[in-house]
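Using the sequences and the accompanying hints, generate a full structural model.
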Amino acid sequence: MRKAKRIATYTFLSVASIVSIFPFLWMLVSMTNKSVDVTKGRLLPGTHLLENLKALFDTVDMGTALVNSTIIAVITTFLTLLIGSLAGYGFEIYRTPGKDRVFNLLLLSMMIPFAAIMIPLYRLFGGLPFFGIDTLAAAILPTIITAFFIFFFRQNTKMFAKELVEAGRIDGLSELGIFFRIYLPTMKTSYAAAAIIAFMNSWNNYLWPLVILQSPEKQTIPLLISNLGAGYSPDYGLIMSAIVIATLPTAIVFFVMQKHFVAGMMGSVKG
Amino acid sequence: MSKVMKRTGLPYTASKKSLGRRLKNNYIGWLFILIAAAGISLFYFYPMIRALLLSFQSGMGANLEYVGLENYIRLFSDPTFIAALTNTFIYLLVQVPIMIVLALFFSVLLNDATLKFKGFFRTAIFLPCVTSLVAYAVIFKYLFGVDGLINKFLMDLSIISEPLNWLSDPFLAKITIIAAITWRWTGYNMIFYLSALQNVDRSMYEAAKIDGASSFQQFFYITVPMLKPIILFTSIISTIGTLQLFDEVMNITNGGPGNATLSISMYIYNLSFEYSPDFGYAATVSYVIVILVVLLSLLQFKVAGDDK
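The listed protein sequences correspond, in order, to chains A and B. full-length UniProt numbering puts the first residue of the first sequence at 1, with every later residue one more than the last. full-length UniProt numbering puts the first residue of the second sequence at 1, with every later residue one more than the last.
Misleading hints may appear alongside valid ones.
Sample of chain B residues at the chain A side, in silico, Cβ under 7 Å [unchecked claim]:
| # | residue |
| --- | --- |
| 1 | ILE28 |
| 2 | ARG74 |
| 3 | ILE268 |
| 4 | ALA283 |
| 5 | GLN300 |
Keep in mind that the hints were calculated from the coordinates and are not lab data. Heads up, the beta-carbon is just placed ideally off N, CA and C, and yes, glycines get one too.
In structure tokens form, the structure reads like this:
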């Protein structure tokens, strides 16, 4: 009986693992095969990898999408962390009842579905001169300030030794100096976890770029993949290469910094 | 002293500080918060108010005029909206419970201290979380295609004799969407349960075993009640996520066949950017999501809080 249960457990977990991993294996294998072979259901690695990559960069301009996605994700991550941590720090270190009320109000924005603000945002950017529709700036701006990261950094600031603030003041540092010279270096782990989430959110973001970026030269990777996927006679080898490239950064971060990755994903329930 | 600490957040010497210094720090504190508060007001609260105003207007493109409650009345006789709403509820009622039960089940199995290859199983089941929604949606579209691997596999096993039209049959298309979302998010939920399980006192299970409780009884009488807060949290997250479902439907079925898989978010997108743009009515539909998010979150709190 015990043994039967053991076997059932292992079988069940193995099947679940295979189902979870299979699409990854399939895209890796298909990346190296000709489109026809992918259609035939070939599950062995082929020799068409370089041709697929060449076609990807030559015919559908993956290079531009890669550059756009990278620019957007890097700037977004940097600004998200800066603004979010300044606010989280401000709410916790300079805590007053008034600020707590503002904090609770800001948290309410987490309940707002993006679809509900998408149209007014689109119209708002439609009237702007330099941040208007079809600019990378417009793709970045509304995504850099989220209540989630303010909340995340406030929770993490609770673990920060507040004596250090006082020590900094005695040493004659300005308030901003304390933040940049003391707080920031001691909170590296929190920043790493937040950076992973912010980068991933931006790298994978689809709906807002779809709405705001229109010309092909502004296209991000998710937009490119979506366009390729919607085609009537898809080149499977080429599309799989694009999907592998799109997945690579997050997969690498996951395997290299698994702990931070999971900590970041669960950040909202910490503390 | 403690009152001073609370007001200014300054430990120790705070009470000796002059009033001027405290006011100055309070003022600096506001500056730290300023950009974030201004940004959230501009990019969340202001658009929310604009969307509310829009929801009472109608017209093509920029030519909008106030029509009172007309848009809200139109909802009830709009078959596409009703289809989108129905689909969303089907996803909610079928997919969310399946996923949560599966995730709970995995986490209980993985929480066993004597289990081998635990790290491998955990990593494997969590792995789908690293994919972007668009990327995995396109993969699933191909896997479930008429000549896709799922059909080949099922035919090899002689479960079906001819290929199924996963993406062009209204029922099967919904199954495909549900399967895809479950694949992507089960591991994510599992991680929350696993970490919560680590805080459950092992001696409770020992005591239950001595009393002769079966694994199923242990699961329902110890695990589920102990994990209740986190189950509530994940079901709210999943509910909000499902109400906003867009990327998968857009890229796997494009809402079809007919409107069999259309989600509310996708309908809003179509109303604004695919059909001749009707921003007013689209805003009305978007407020339905807002109302549903608030109502369902409250409902889940109430249901979960009942026996407290």
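Each hint, compared with the structure:
| no. | hint | result |
| --- | --- | --- |
| 1 | ILE28 | holds (5 Å) |
| 2 | ARG74 | violated (17 Å) |
| 3 | ILE268 | holds (5 Å) |
| 4 | ALA283 | holds (6 Å) |
| 5 | GLN300 | violated (13 Å) |
Hints 2, 5 from the list above are not met by this structure, while the remaining hints are.
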